[in-house]
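K.L.:
Going down the list, the sequences are from chains A and B. If you're matching positions, the first sequence starts at 1 in the numbering used here and goes up one per residue. If you're matching positions, the second sequence starts at 1 in the numbering used here and goes up one per residue.
These are calculated hints, taken from the structure and not from any lab test. Hints are not guaranteed to be accurate.
Derived DMTMM-like pairs (lysine to aspartate or glutamate); straight-line CA-CA distance at most 20 Å [unchecked claim]:
1. A/Lys48 to B/Asp210
2. A/Lys48 to B/Asp216
3. A/Lys144 to B/Asp210
The calculated label-pair distances, taken between Cβ atoms and stated as ranges, are [claimed, not checked]:
4. B/Thr91 to A/Asp77: 45 to 51 Å
5. B/Lys157 to A/Glu95: 54 to 60 Å
6. B/Leu171 to A/Ala44: 34 to 40 Å
Virtual Cβ for every residue (Gly too), placed ideally from N, Cα, C.
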Amino acid sequence: MARMTIQPLLIAAMVLTLLAGGFAVWAGWSWYGAAHDGSAAYAASRDKVLAAGEQAVQNLSTLDHKDLAHGLDMWQDSTTGDLHQQLANGRSEFEKQVQQAQTVTTAKVLDGAVTELDDRAGRARVMVALRITVQAPKEKPAAKDSRMLGELTRTPAGWKLSALGQAPVGNSAAN
Amino acid sequence: MRVSTAELKAASEPDPERDAEPDPGRDEGGAVDVAGPDSCPGGSAEVGAASPDRCPDGSAEAEAAAPDAHPDGPVESTPPTSRFRRALTLTCVFALLLVGAGLLFQARQLTDTTATSNHALTDTSATTQVIGDVSNTLGKVFSYVPQDTRATEDAAKELLGGRAAGQYIALFGEVRQRVADQKLSLTTHVVRAGVTRLTHDTAELLVFLDQRAQRDGKPATTAAAQLSITAQLADGHWQITDIRAR
Chain A
1 MARMTIQPLL IAAMVLTLLA GGFAVWAGWS WYGAAHDGSA AYAASRDKVL
51 AAGEQAVQNL STLDHKDLAH GLDMWQDSTT GDLHQQLANG RSEFEKQVQQ
101 AQTVTTAKVL DGAVTELDDR AGRARVMVAL RITVQAPKEK PAAKDSRMLG
151 ELTRTPAGWK LSALGQAPVG NSAAN
Chain B
1 MRVSTAELKA ASEPDPERDA EPDPGRDEGG AVDVAGPDSC PGGSAEVGAA
51 SPDRCPDGSA EAEAAAPDAH PDGPVESTPP TSRFRRALTL TCVFALLLVG
101 AGLLFQARQL TDTTATSNHA LTDTSATTQV IGDVSNTLGK VFSYVPQDTR
151 ATEDAAKELL GGRAAGQYIA LFGEVRQRVA DQKLSLTTHV VRAGVTRLTH
201 DTAELLVFLD QRAQRDGKPA TTAAAQLSIT AQLADGHWQI TDIRAR
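If we strip away everything but chain B, and leave its shape as in the complex, we get (with noise of 0.2 Å):
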């Protein structure tokens, strides 16, 4: 039997006779009213005495009882007052709780964002650094006069890695026979160069270069190129790692 102790009180102090004489009419009366019309509130004996076909047996009883009575039965007997009071505190504690994750989590929206872990611009003097760098290196390994390629070359060995230093060899490989017949100089300026990317030891970069091409006797020509790059910081100097033409 699930019905709480309470209840059954309830349910039977008011008409005490009520077990003596079951009466179908008794529907209205008293205990019945008082844990409400749908409730069981008494055992076997009872049920004639509340609605028969509503009750057949205990689990159905429970829950017809449980709309109308309260299962937490000392709750009943506290006054009103403390009772307000307590939800009262419970509503503060909730309201506090949910305003306080709301401001958490906006704060964390501000400053845990992929744009505040991203120094272009914001650490100035990175950002100048890098570009610098980049663009010495750049200067360097895309410049060479026919006389003197190992120059470049060397130059490309140290101010390149990764992927980058293998994508130069293979480039300067099939550069450096031409450069020698047909006395091809190239000079490389970058004309702007941008952050698009920074960390403390990661940049991404878009490059504007002009490329000044001469060939023996003949006037020179200038081409663009843009190029995005990829850079890493190695004992205080930025190396190009990865290089793509755009």
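This is chain A alone, in the form it adopts within the complex (with noise of 0.2 Å):
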């Protein structure tokens, strides 16, 4: 009994295999076609920068003078290249001022856009709407609304903040 089922068994399990075979190359085929899209790696690229542009513009809009320390290390952690350095130079002076002022700064993001990419050089160039909240001391909160124009650059831990600017007013001829 067992000896007639053995051949139609083995090319069942033959057709089985090769049909496993064929799935598991179309779907690798189909794998790498993606995972070398470029247009889908630079869209991917696009999000990318900016999520972590609107979020280090947040990060360098929001200090609170309780805790400084931290808030001025994420603002650090957020940028690089000239940015980083401005930033780690006038840390001590700024600490102060802002103790003194005892500012608790926050800010909330309302849009943001990516205008330029270079995906290759590691280079992107975002414009960010938000609005700012400061509240000083026994003060009302005083918000405002405030475009900032940002330049990323592509570190090995991530897109980060290398220029940071007001967009400027009135001033077409800068742009």
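Take the two lone chains, each set in its own frame, and fit them into one complex as the hints suggest.
P.N.:
Here is the structure:
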């Protein structure tokens, strides 16, 4: 009885193996195509840049005088290059100022967009609209809408801000 | 009785006389050894030979037999190499299917994401076009001179659609009178615009604007504005359908 079932079983097994092998090859081919799709990688980079840019701009607009060390560490952690150096150099001075003013600054990103992205060079520019609220002691919190232009550079630890400034008002020639 | 025939055979063959002389001492004997000490190979006649308390009825018998006996009797008769090959084949097939499924899942994750369905920046010509159209429209509809508000309104009718058209009519109704009374002129230009989301016919943008206002005889003042814009492609032209101040 067992002998009789072996032949069809063998054929079935071979067909099954072939089908499974074919499926695996096809899947591998699809995966290879997807993994080497330039525009998909570029799109993913763009979204990463926007997320990193918005987060970094928010970090750099947030500071609590009661938690200065952590806040300023965050600032330095969100930046690289010249901006990072600037923040490191001016840190102690800035610490004194904020401790004196006793302000708590919070920020909320309203909208943001990537305006340029060079994925190879690892450079990008973002624009971010945000609302910054400054709470000074015994004063009403003051909210201010702000528009920032940032430049990001890719580092081994991800995209980080290398320059940040207000978008100039009334000076279109500079842009 | 749910005991398989193979089992019955295996149990009864080595010791045919067992049925004739039931003896509790036989627990260690041949028949019980083959089927395993827990099983109850025979029918009611053998209950005495196997441990009687374990198998009071048929169902308990089947239950007790299960761990030791193989229900697929014929497998036992196939040579071990064949069984090994069969297991190997099944393992291979299973492994291939698993690998294939994993790769497909990965491929899908790489291509079928919100990132790839958004053509902002990846489609440079479309990105440039929508920024150009939207910037032009904003410059036209938010610029006016007291002598000719009509031109601005006409431009708005043509270039704005959806919710934005209604928003604009409400806004401009208020402004129109003041424009005439105060001889107010307004010039709007786009400082910077970026596309946050772009599909084949809809787009979302963030726009930084400068608005330069001048009242008759007074120095001009410039104000900053940030707008989130939604636009829709209609007849090859991007029409603004929603404006939100930021």
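K.L.:
Confirm or reject each hint.
P.N.:
To see whether the hints hold, each was checked on the structure:
1. For the hint linking A/Lys48 to B/Asp210, the alpha-carbon distance of about 29 Å lies beyond 20 Å, and the restraint is violated.
2. For the given pair, A/Lys48 sits about 48 Å from B/Asp216 by alpha-carbon distance, which is inconsistent with the 20 Å threshold.
3. For a cut-off of 20 Å, the pair hint linking A/Lys144 to B/Asp210 stands: about 17 Å separates their Cα positions.
4. Separation of B/Thr91 from A/Asp77 is about 48 Å and conforms to the stated range, judged on CB atoms against 45 to 51 Å.
5. For B/Lys157 and A/Glu95, the hinted distance range of 54 to 60 Å is satisfied, since their beta carbons lie about 56 Å from each other.
6. Taken as a hint, the range 34 to 40 Å holds for the pair B/Leu171 and A/Ala44, whose Cβ atoms sit roughly 39 Å apart.
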